[in-house]
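For the protein sequence lines, the chains are A and B, in the order given. According to the numbering used here, the first sequence is numbered sequentially starting from 1. According to the numbering used here, the second sequence is numbered sequentially starting from 124.
The set of hints was computed from the structure by calculation and includes no laboratory data. Mixed in with the good hints there might be a few duds.
Simulated crosslink set (SDA-like; lysine to any residue; CA at most 20 Å straight-line) [as the list claims (entries may be wrong)]:
| no. | chain 1 | residue 1 | chain 2 | residue 2 |
| --- | --- | --- | --- | --- |
| 1 | A | 24 | A | 65 |
| 2 | A | 24 | A | 80 |
| 3 | A | 24 | A | 67 |
| 4 | A | 24 | B | 227 |
| 5 | A | 24 | A | 108 |
| 6 | A | 24 | A | 35 |
| 7 | A | 24 | B | 222 |
| 8 | A | 24 | B | 226 |
| 9 | A | 24 | B | 183 |
| 10 | A | 24 | B | 223 |
| 11 | A | 24 | B | 295 |
| 12 | A | 24 | B | 212 |
| 13 | A | 24 | A | 99 |
| 14 | A | 24 | B | 231 |
| 15 | A | 24 | A | 68 |
| 16 | A | 24 | B | 260 |
| 17 | A | 24 | B | 219 |
| 18 | A | 24 | B | 228 |
Non-contacting residues of chain A with respect to chain B, defined by C-beta distances greater than 10 Å in every case (computed) [what the hints assert, rightly or not]:
| no. | residue |
| --- | --- |
| 19 | 48 |
| 20 | 50 |
| 21 | 67 |
| 22 | 113 |
| 23 | 114 |
Footprint (simulated), chain A over chain B, 3 or more residues, beta carbon under 8 Å [claimed, not checked]:
| no. | segment |
| --- | --- |
| 24 | 162–169 |
| 25 | 229–239 |
| 26 | 263–273 |
| 27 | 279–288 |
The structure displayed is predicted, hence computed values, not measured ones. Every residue gets a Cβ at the ideal spot worked out from N, C-alpha and C, and that includes glycine.
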Amino acid sequence: MADHAHPAAPEEMHHGEHGHGSMKSYLTGFLLSAVLTAVPFWLVMTGALANPGLTAGIVIACAVVQIVVHSICFLHVDTRSEGGWTLMTFVFTAVIVAITIGGSVWIMYHLNTNMMPMEAVAG
Amino acid sequence: MIAHALDAEAARQAEEITWHLAEKDDHDHGHSGGATLIGFWIYLMSDALIFASIFATFAVVSTGYAGGPTPREIFDLPLVALNTALLLFSSITYGFAMLAMERGRQAGVQLWLAVTGLLGIAFVGVELYEFSHLIAEGATPQRSAFLSGFFTLVATHGLHVTFGIIWIGVMIAQVAQRGLNPDNRRRLMCLSMFWHFLDIIWIGVFTFVYLLGVLR
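Produce the entire structure from the sequences given, and follow the hints as far as they go.
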């Protein structure tokens, strides 16, 4: 497969891989995104699941999968583009984003738990 | 003095070698602006970090209602669903513009860019309508930490979309004047990344701000 594709690589890169994508990848991405958007909205708007925790879990899972779908189908992040640097910087950014958001929530949650509640101060 | 010159020479060579490695896999960089594309990509990643810090701030203050309105009381999910659909459709229409560019169809590029721009304008219009309603109801950015965080996050995204729309308008004019030359192709590819990136940020917004806010 790889051997077969190699001789045509520069031309392929220019027309196929270099940030353009194909009709197939755009339509796949669009259909997957439509489903991954519709499901969480449907769950929250109808309250189909009695358990809010489970609903929240599914909603977050759909978002994470949808972000991956968009990155692959629309932004064409893969191991080949720009010699791997696109993927490398993307993963690096994802790690920093996770640390920034996760770390902030974690620290502030504990800070709130350990501090006197504001109602007690006001009362 | 000589050592200095040698250092400079070594640094220059090192730079050349690194450059060569980065270039090796893609032979088309010379004429399609590979350095610009990776540079723009790195800008987007840094923009993602700006959004990350705003998301983090929102997450921390998201329950600071200060006795004011809660997400369940003020968020209109059908409106958010409409906005999400508009942005998702605009992503695929931009994709069609890129496919038209690949086939060298200038009119197709302009048509799909125009459709994308109109969907973007509709998105910003709905968002402004939502904001004006919230403010009319007294849910202003000054009301509580939650609302400050909400307006900062959603408006920062909306402002990005607004600049994306301006850029789309500029590109329609550029393509009309100069055609699909290598410069315009490079710009359209940067704009493509920008536009799809904003859709990704919106996934985070509708999930963490609206859906999880209403669930809370």
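Structure-based check of all given hints:
{"no.": "1", "hint": "A:24 x A:65", "in the structure": "holds (19 Å)"}
{"no.": "2", "hint": "A:24 x A:80", "in the structure": "holds (19 Å)"}
{"no.": "3", "hint": "A:24 x A:67", "in the structure": "holds (18 Å)"}
{"no.": "4", "hint": "A:24 x B:227", "in the structure": "holds (19 Å)"}
{"no.": "5", "hint": "A:24 x A:108", "in the structure": "violated (44 Å)"}
{"no.": "6", "hint": "A:24 x A:35", "in the structure": "holds (17 Å)"}
{"no.": "7", "hint": "A:24 x B:222", "in the structure": "holds (11 Å)"}
{"no.": "8", "hint": "A:24 x B:226", "in the structure": "holds (15 Å)"}
{"no.": "9", "hint": "A:24 x B:183", "in the structure": "violated (40 Å)"}
{"no.": "10", "hint": "A:24 x B:223", "in the structure": "holds (14 Å)"}
{"no.": "11", "hint": "A:24 x B:295", "in the structure": "violated (25 Å)"}
{"no.": "12", "hint": "A:24 x B:212", "in the structure": "holds (16 Å)"}
{"no.": "13", "hint": "A:24 x A:99", "in the structure": "violated (35 Å)"}
{"no.": "14", "hint": "A:24 x B:231", "in the structure": "holds (18 Å)"}
{"no.": "15", "hint": "A:24 x A:68", "in the structure": "holds (17 Å)"}
{"no.": "16", "hint": "A:24 x B:260", "in the structure": "violated (45 Å)"}
{"no.": "17", "hint": "A:24 x B:219", "in the structure": "holds (11 Å)"}
{"no.": "18", "hint": "A:24 x B:228", "in the structure": "holds (19 Å)"}
{"no.": "19", "hint": "48", "in the structure": "holds (12 Å)"}
{"no.": "20", "hint": "50", "in the structure": "holds (12 Å)"}
{"no.": "21", "hint": "67", "in the structure": "violated (6 Å)"}
{"no.": "22", "hint": "113", "in the structure": "holds (13 Å)"}
{"no.": "23", "hint": "114", "in the structure": "holds (15 Å)"}
{"no.": "24", "hint": "162–169", "in the structure": "holds (count 3)"}
{"no.": "25", "hint": "229–239", "in the structure": "violated (count 0)"}
{"no.": "26", "hint": "263–273", "in the structure": "violated (count 0)"}
{"no.": "27", "hint": "279–288", "in the structure": "violated (count 0)"}
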